[in-house]
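Chains as they are written, first to last, in this note's numbering: chain A, 249 to 597; chain B, 249 to 597; chain C, 249 to 597.
Because the hints were derived from the structure by calculation, they are not lab data. Zero decoy hints are in this set.
The list treats identical chains as interchangeable, and a pair is accepted whether it falls inside one copy or across any two copies.
Subject to a maximum C-alpha distance of 16 Å in a straight line, what follows is the list of computed EDC-like cross-link-like pairs (lysine to aspartate or glutamate):
(1) Lys293 / Glu315
(2) Lys477 / Glu454
(3) Lys277 / Glu330
(4) Lys444 / Glu330
(5) Lys510 / Glu492
(6) Lys477 / Glu495
(7) Lys443 / Glu330
(8) Lys510 / Asp544
(9) Lys444 / Asp455
(10) Lys513 / Asp531
(11) Lys293 / Asp544
(12) Lys394 / Glu411
(13) Lys571 / Glu559
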Amino acid sequence: MEFTAQIIAGFLGGTVEGDPNTKVHTIAKIEEGFTGALSFLANPKYTPYIYSTQSSIVLVNTDFVAEQPVAATLVRVNNAYEAFASLLDLYAQSKPLPTGIEEPSFIHSSAKLGANVYVGAFSYIAENAVIGENVKIYPQVYIGNKVKIGDNTTLYPGTIVYEECVIGNNCIIHAGAIIGADGFGFASQEDTNYKKIPQIGNVIIEDYVEIGANATVDRATMGSTILRKGVKIDDHVHIAHNVEIGENTVMAAQGGVAGSTKVGKNCMFGGQVGISPHIKIADGVKVGAQAGISGDVRKPGAILLGSPAYEIGRQRRSMIVYKNLPDLVAKVTELEKTIEELKNRLAKG
Amino acid sequence: MEFTAQIIAGFLGGTVEGDPNTKVHTIAKIEEGFTGALSFLANPKYTPYIYSTQSSIVLVNTDFVAEQPVAATLVRVNNAYEAFASLLDLYAQSKPLPTGIEEPSFIHSSAKLGANVYVGAFSYIAENAVIGENVKIYPQVYIGNKVKIGDNTTLYPGTIVYEECVIGNNCIIHAGAIIGADGFGFASQEDTNYKKIPQIGNVIIEDYVEIGANATVDRATMGSTILRKGVKIDDHVHIAHNVEIGENTVMAAQGGVAGSTKVGKNCMFGGQVGISPHIKIADGVKVGAQAGISGDVRKPGAILLGSPAYEIGRQRRSMIVYKNLPDLVAKVTELEKTIEELKNRLAKG
Amino acid sequence: MEFTAQIIAGFLGGTVEGDPNTKVHTIAKIEEGFTGALSFLANPKYTPYIYSTQSSIVLVNTDFVAEQPVAATLVRVNNAYEAFASLLDLYAQSKPLPTGIEEPSFIHSSAKLGANVYVGAFSYIAENAVIGENVKIYPQVYIGNKVKIGDNTTLYPGTIVYEECVIGNNCIIHAGAIIGADGFGFASQEDTNYKKIPQIGNVIIEDYVEIGANATVDRATMGSTILRKGVKIDDHVHIAHNVEIGENTVMAAQGGVAGSTKVGKNCMFGGQVGISPHIKIADGVKVGAQAGISGDVRKPGAILLGSPAYEIGRQRRSMIVYKNLPDLVAKVTELEKTIEELKNRLAKG
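One chain only, chain A, in its complex shape (with noise of 0.2 Å):
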């Protein structure tokens, strides 16, 4: 399939700059272009890479200023980068999509598949399980009793759902994912050895949640634990039982968030973030990659750096400190010496 710059810019509502006419069939990242190829210009740093390019069109952000010749056909659009994910979007939704049910798969008669429903090839659909509409699930999935799966979702191939949990509308679920196995909760006894706390309670996922390959929500040990609405966790993030994670909240991959924590909504965690245990996590908080938390977050739309994380000017100045202590060190040093001349220069005065 070709499409001319013209009908791209329809699309997208934007205006076209150079040949209406220009044709792409794929897409390529700027710096990699290539005749036939569409890319896009959104991050300042890669501006350069406009000037040389060799894609027929990119699309740039309405403000975008030309300070040298280009060459590509550019279709000016308000935000350069969502019109290209939704570009991206149509390509992908071109691909043509699994249905049907593959044999031989496990689906308990007491099971409820909504219409247009996808079970790869060994698959295990147990007892009482309930799939929404237009559910995907791939090939060596596990969806355990009672649990509930809103249309829409896809489970990738080796996800597995313990009993009982709860997952919401077009939901992502990665390769490998377990979601509601037994949070780790163990009474000490007086011999030393540990006494298993069952863990009764399920997972709650909301609509509009992506969750990482690998990455583990454990069930909770009462109640539930709850990923809000549009949650996205990345790839080995793990959440242990009875957190909350509030709507819109972000983890990167192999974070991870200790028992009973509430994490607010809107919220942005780096890479291998660790936050404590039964603390609160206030809104729109954003966090450095290695930072550990461990106590309340009480400001919204806080910064946080570090482990012990600290507010980001803090921790950057202490960092900065930290990285010359042997200068401090030897200032320290030569302010000694300095006062025991002056001590003697006294007592000799």
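Let chain A serve as the given structure and place chains B and C on it in line with the hints.
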């Protein structure tokens, strides 16, 4: 099913305070209580909730002293948390467990299965595997050649056990855990390519061990990687080749132990802890989240924090100074000025 | 099977010291040796064991000088560790490998399988997948549409390879590894909901790559996430979208590389290392465990430590001062007092 306070107190060996005929049919957290629910109070942090909870019965410690009127019927027991856990056990055990061999599954003719085993569909049991009594093998589990699994052990869906590994009695292996993958061992070669060192050992997991979802325990190069009786490791924990973890040691999510390290018994590790290879950690050591242990820990019962980890008191003192490093720099700068002035005064004087 | 010291020396190109007819039938660590076992000594830390080992034969480096009598027969070779590894190879290769297509498995009629392929039960090979010769696909593996896998590659149970990814020759992918899940890409929208950026690229894994259990390598947004020839990544490692890892670079367990970062060749990363997105790391860089790399590393062969990571010498100097920060504060407080006294004396004087 409903139980009265009288019956619960009888079962737990406790005493009733209030109406012994108060009935409950389910359990709830004290802060989320409702009529007909049973709750418990153990952590003093939650004491305020006992005066407002809607739960019908609350388990409390014998030494609990109410400072305001309590609406709920109380059942006093020696250890409210443990007592509650044993009720959770009862509740959990009331759920029917799967039994029998589901089809399609793959069970090699040379494999031996104990009485009352469950093998879920799409599970694979290879040559000469030996499975004990009452073992629950959920769907999509892989049991390699010559693997031995003791009695009453549960393997949740998608668990993988490589050949020749040994798992004890009464263990719980959560979904996606990988037991016995190759240790990470390569020999440098002159041309900078690495030569794989075959990993011909195995993993031995003793009785009463629980392994979290998506955790990994690598097989030994030679000999065995060993998890002693009662060890509990959380989701995403990584145990490298030839490691030995002592009895009843617990490690929270995303921790990692590098190759050949020996960890003592009754240790506790917070989340995301990293432990260097080829070291020894004494018994009863406690380590805070995100710590990095880079050398032997010889003192039993040591409490460590930070990366690199030190004794907690010392680490906390350094952490406090670190947080205020810019103040220290300001103070030193101030001292420099003062000394300069003193020198000038002395020179003038 | 038994081998004599003579035969082993012949195979390894070494020389025998002791009885050339000494026989062994298995291998053991030098500190756990027993009659009939072969061990090796490479790490000087283990030298004391050579005087007490019960092993019948020990491989040693040609330059090994015994300082006490050694009971075992020695075989001297240029590199005892490599020589031992090649014996391990022999031992490992003596195990029979699975072959053939087990049932039930799902192989799409359009998929192409090379000669001598093993496909375990419950594995799924989708449309137009192309599998090379001698490939071992263990049970419960998922191979997506149009995936290409080279010759002699092994995929352990539960491995998932998303559509269109490419895996080279002689690779080993351990259980639970996920190749080609979506990169973590979302565009902010005005209403704070995120819009998913479709990830339409793929993953390319070149020859001789080994990928640890439960590791994840995400597909590129566009183009390819690339692991070059000879890369080794350990369990739980996360490689984000559009990352490129250079030849023969090794990364220990639980490390993570964020999106679009380019890592050089022959680098070594300790466990739990985190690497920021959109940066470049030179060739031959070595990084200590738990380090966090937040910017470009331009110096080839640099050795880095800490989070944020610096050159190791500087970092260690700061670490030492950090550990003694309370002493530094005490010293500064002492100086303040002394200066105050001097001022008073000057004022009086």
